[in-house]
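Asker: Sequence:
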Amino acid sequence: MTTQTAPAAKELSTPQTGRSPQAQATTAVSGGTAGADQPAANRGRTSIADVVVVKVAGIAAREIPGVYDMGGGLSRTIGAVRDRVPGGRPNVGRGVKVEVGERQTAIDLDLVVEYGVSVMDVAQDVRENVISAVERITGLEVVEVNVTVNDVHLPDEDEPGTTAEARVE
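Going by the working numbering, the residue at position 96 of the sequence shown is 96; the numbering climbs one at a time, nothing skipped.
Don't take each hint at face value.
Claimed, not checked - Distance windows between CB atoms, simulated:
{"#": "1", "residue 1": "ASP156", "residue 2": "MET120", "range": "20 to 28 Å"}
{"#": "2", "residue 1": "GLY101", "residue 2": "ASP151", "range": "28 to 36 Å"}
{"#": "3", "residue 1": "PRO155", "residue 2": "ARG43", "range": "51 to 59 Å"}
{"#": "4", "residue 1": "ASP156", "residue 2": "ARG43", "range": "55 to 63 Å"}
Hints in this document: simulated from the structure, not taken from any laboratory. By construction, the Cβ of each residue, glycine as well, lies at the ideal position given by its N, Cα and C atoms.
Go ahead and model the full structure; you've got the sequences and the hints to work with.
Answerer: Right, here's the structure in full:
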């Protein structure tokens with residue numbers, strides 16, 4: 001008789017104490033209640049604009065040695081003109097396209113690499129640095145970083161305007 005009451009007591013107590021404290025906290029949070037009694041981290045939503053991810057990815061990509069410039073031909077031409085206009089700021093987002101969701105992002109980069117560097121190594125280093133920076137700064141999970149190398153900058157290529165200045169001297 002004593003052995004029968006012990007299992008019966010266990011069966012009754014298991015469903016009540018079997019819930020973990022984490023499961024109870026998750027249930028309370030998922031209820032969507034808001035108010036002063038909720039932890040500060042659970043009150044409201046955080047949205048990250050596309051331009052934030054574009055700028056972080058653009059800066060992170062430019063940090064890698066071997067990246068000469070970013071963007072396609074027309075984009076770089078317009079960017080060069082914009083950089084020369086007094087008061088104009090360089091566009092750190094040139095050559096960067098992103099898709100941003102609630103928790104994830106995908107990034108496409110257009111690069112110009114310097115001649116003599118390994119394109120595959122530069123692309124890998126850019127990918128790793130961009131993923132690290134975006135995840136650290138924004139908290140978003142980076143699903144993919146697609147790198148397209150559009151051009152190679154040759155050492156004897158001069159910037160437009162430097163040749164004209166040399167001829168005038």
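Asker: If any of the earlier hints don't hold here, list their numbers in rising order.
Answerer: No numbers; nothing is violated.
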